[in-house]
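Between the sequences and the hints, there should be enough to build the whole structure, so can you do that?
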Amino acid sequence: ILAFVVTLYLVRWLFKIKPLTDEASKAEAKSMVDAFDEWETVKDRKFFYLSAMVLGAIILGFALHSSIPVLKDMGLEVIAILGATVMLVIYPTDVEGVLNEVEWTLVLFFVGLFALLGVMGKADVLSMIGEWLKSPLSSGSYSG
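When we follow the numbering used here, the leftmost residue of the sequence shown carries the number 26, and every step to the right adds one.
Simulated from the structure, these hints should not be mistaken for lab results.
Among the hints, a few may not be true.
Said to hold, decoys possible - Lysine-lysine pairs mimicking BS3-like chemistry, simulated, CA-CA at most 27 Å apart:
(1) Lys147 / Lys159
(2) Lys97 / Lys147
(3) Lys41 / Lys55
(4) Lys41 / Lys51
(5) Lys55 / Lys68
(6) Lys55 / Lys43
Written out as structure tokens, the structure is:
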């Protein structure tokens, strides 16, 4: 909550946002909000609603992963891939065009990062770092 309040004031200060004090500025702000069309960028409403339902199913699958016997033995990535497969089957798209727009350097960065973290976890490097940080962090008055 404290971080939210600090961020709120920081954003107001950085972007020089002033409170709406007079009726003219309030009316101008209201007209700007009323003129905003949230559906303007949605090209296909059917695809939008389908995507929202599949995303909801994926989030539900993540939440219920440990209590569904079929999914318990599989990883969370299987749920995400199932959602993507459902989207591709129901709403076919130009996969080649989409793959051309992917930021492959960013994807490879995260692949390398997760591989490195996985290796460090298997080699117990992360637990060694945790043990090394335990004593300086536990000396504070807020330690558990």
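Going down the list of hints, with the structure as the test:
no.: 1; hint: Lys147 / Lys159; in the structure: holds, 20 Å
no.: 2; hint: Lys97 / Lys147; in the structure: holds, 22 Å
no.: 3; hint: Lys41 / Lys55; in the structure: holds, 19 Å
no.: 4; hint: Lys41 / Lys51; in the structure: holds, 17 Å
no.: 5; hint: Lys55 / Lys68; in the structure: holds, 26 Å
no.: 6; hint: Lys55 / Lys43; in the structure: holds, 15 Å
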